[in-house]
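There are 4 protein chains.
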Amino acid sequence: MIPNDTALLVIDIMNPFDFKHGETLAQHTSKIVDPINSLRRYCMKHQLPTIYINDHYELWKADYKEIYKKCHNKTSDPIMTPLQPMEDDYFLIKPKHSAFYGTALNTLLHHLSVKNLIITGIAGNICVLFTANDAYMREFNLMVPGDAIASVSEEDNHYALTMMKNVLKAKIDPTGGIL
Amino acid sequence: MIPNDTALLVIDIMNPFDFKHGETLAQHTSKIVDPINSLRRYCMKHQLPTIYINDHYELWKADYKEIYKKCHNKTSDPIMTPLQPMEDDYFLIKPKHSAFYGTALNTLLHHLSVKNLIITGIAGNICVLFTANDAYMREFNLMVPGDAIASVSEEDNHYALTMMKNVLKAKIDPTGGIL
Amino acid sequence: MIPNDTALLVIDIMNPFDFKHGETLAQHTSKIVDPINSLRRYCMKHQLPTIYINDHYELWKADYKEIYKKCHNKTSDPIMTPLQPMEDDYFLIKPKHSAFYGTALNTLLHHLSVKNLIITGIAGNICVLFTANDAYMREFNLMVPGDAIASVSEEDNHYALTMMKNVLKAKIDPTGGIL
Amino acid sequence: MIPNDTALLVIDIMNPFDFKHGETLAQHTSKIVDPINSLRRYCMKHQLPTIYINDHYELWKADYKEIYKKCHNKTSDPIMTPLQPMEDDYFLIKPKHSAFYGTALNTLLHHLSVKNLIITGIAGNICVLFTANDAYMREFNLMVPGDAIASVSEEDNHYALTMMKNVLKAKIDPTGGIL
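So the sequence lines, in the order shown, correspond to chains A, B, C and D. full-length UniProt numbering puts the first residue of the first sequence at 1, with every later residue one more than the last. full-length UniProt numbering puts the first residue of the second sequence at 1, with every later residue one more than the last. full-length UniProt numbering puts the first residue of the third sequence at 1, with every later residue one more than the last. full-length UniProt numbering puts the first residue of the fourth sequence at 1, with every later residue one more than the last.
Hints are not guaranteed to be accurate.
Same chains, same names: a pair is fine if it fits in one copy or spans any two.
Calculated pairs, DSS-like style, for lysine-lysine (alpha carbon to alpha carbon, straight line, at most 25 Å) [what the hints assert, rightly or not]:
1. K165 - K96
2. K45 - K20
3. K96 - K61
4. K169 - K96
5. K96 - K115
6. K165 - K45
7. K165 - K31
8. K61 - K74
9. K165 - K61
In case anyone wonders, no lab produced these hints; they're calculated from the structure.
Working from the sequences, and respecting the hints, build out all of it.
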């Protein structure tokens, strides 16, 4: 079902959830851990690249372990720990919302001959949506499994999925439907 | 009220409205003509730059008159004609949704020492929203008068304004409130 | 000899030559008019796109005729007049040295499915070299005919060609050799 | 002498020197170690940021230690070891020649309110020159100490300095002159 020239993006999953509505976002995010892990296993098995792109929390360093340490707490642990990147995964930091802004993501995707992106992570209506739009402008084909993105409010999440479907022509089938 | 280092953006106002829901978008757009013209007059009087950024409809030419001609029809006339750019206005074309993607807009704004943007035009939840996000990532301060952007659906327009207010920290007062 | 997915770039050929060493640059540029025109004819015949990219001389408008008028003088006439773009040519403005910086060039080239660039114009060691480097970073294959670029000094021109050959892996055969 | 809003860039100094002319480049680079270290000490003392930007040697990870390990050998040791970044230095990877292409450098510099750059490293006529040009297009003021950049050939290094002085308006005084 998934073409060979596909990569999986995992956005902002290293997160302290220590801001306003952070607890709510963490609750919603806990439900996307399993779907994202299904996608990761699929990609590993089929040798498709998995690329984490994450806020750097003022570290300005693409050091997964330092970011993990900085974000780790009781709320984030059940999300971050099962979603830790594997040795072969790519791990990029992003300075702003979009995973394409001020990062090597576009160059990496071309280097890997990727044409299709599965976009997952948080928050669905912010970093995920703006990344999806930048990907669409760069002419990638998008899959955004509805059960693999989360937002503070259900309504926001739903709206983002609708936008990505209608405006960015993304496939938004659930994980089970695309694997 | 409006700082000196401000520019007015007018997005995709040259438009044939000949697509699905185009008539509806034209109806909603007809209501933002007067507010945009108030903003244009204010900017002209205070010597603030007005920058049109528009789809080029496969012309790939930043020639306002050709684009006007290509888009002109009974539906678009009442919108496009009163909003025609003045001799001193800037007129850029954009190849994709965001006014910053593949354009000289960022360079022009730096050249003009602009720090604040008033964003107007259509569609509120697509090109306006994605332009606003790109502007925010580039650290411009945003004003988005709610009566100067239009979308196909009122709900979409409202949602875009809410996003721009909450996520992009835009001021969304109506035109009358910011002038 | 030239693959189908090739475009011709003509850089900064609309030029008043009214700066220091401008007369010298004009003299050197007069010698590249014929080679560029051979390339243009070849591209027209084989339906390959020709893309002019030019400084806008503070007009910030991609209006070929206004730029021509602004640059026209006794020195520039013998260069600019025979090199005027045809109706179907693309004409972009650039705000800085590189034809890729703050322009829609990359998007246009992807839209046209272009993989190979023939780069011509002036000055060889400035705008041509920096454009070539940006093209190389974006993974275009480069042809830079040595008789179709000009610089103020012969040494500079030679150096730029050497750089483009050694660092950017450009073919630098003369026009006659690549057509 | 050096304004407060200045950052030091150290380009591609983590390097195996295992390519054609690598030994020669290493010899030339060994002479710039002390000048770069003088600049680093000055910046540390005056709390100016030092930013390393380096090729990632197909690691695609901004992990200084892994890159150091990958590049370390008898030739590179006398260069890389004394130039190792400090805990507080920034360390970015770049996918291509220019330190601005596909990196967060521009965003980081804005975040740090930097307006002036001291550019050092290798190779002077390739990554340093193309970085300098990208910095110039983004309107940074440039200082490029002639004794803190190195190239394979002296002539290339000299040429790059001349280009940066004449075209990019860089100050090219030796380290002793700018500190």
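Evaluation of the provided hints:
no.: 1; hint: K165 - K96; verdict: both (23 Å within a copy, 17 Å between copies)
no.: 2; hint: K45 - K20; verdict: neither (38 Å within a copy, 38 Å between copies)
no.: 3; hint: K96 - K61; verdict: both (14 Å within a copy, 19 Å between copies)
no.: 4; hint: K169 - K96; verdict: both (24 Å within a copy, 14 Å between copies)
no.: 5; hint: K96 - K115; verdict: both (23 Å within a copy, 18 Å between copies)
no.: 6; hint: K165 - K45; verdict: neither (28 Å within a copy, 42 Å between copies)
no.: 7; hint: K165 - K31; verdict: within (21 Å within a copy, 28 Å between copies)
no.: 8; hint: K61 - K74; verdict: within (24 Å within a copy, 28 Å between copies)
no.: 9; hint: K165 - K61; verdict: neither (34 Å within a copy, 30 Å between copies)
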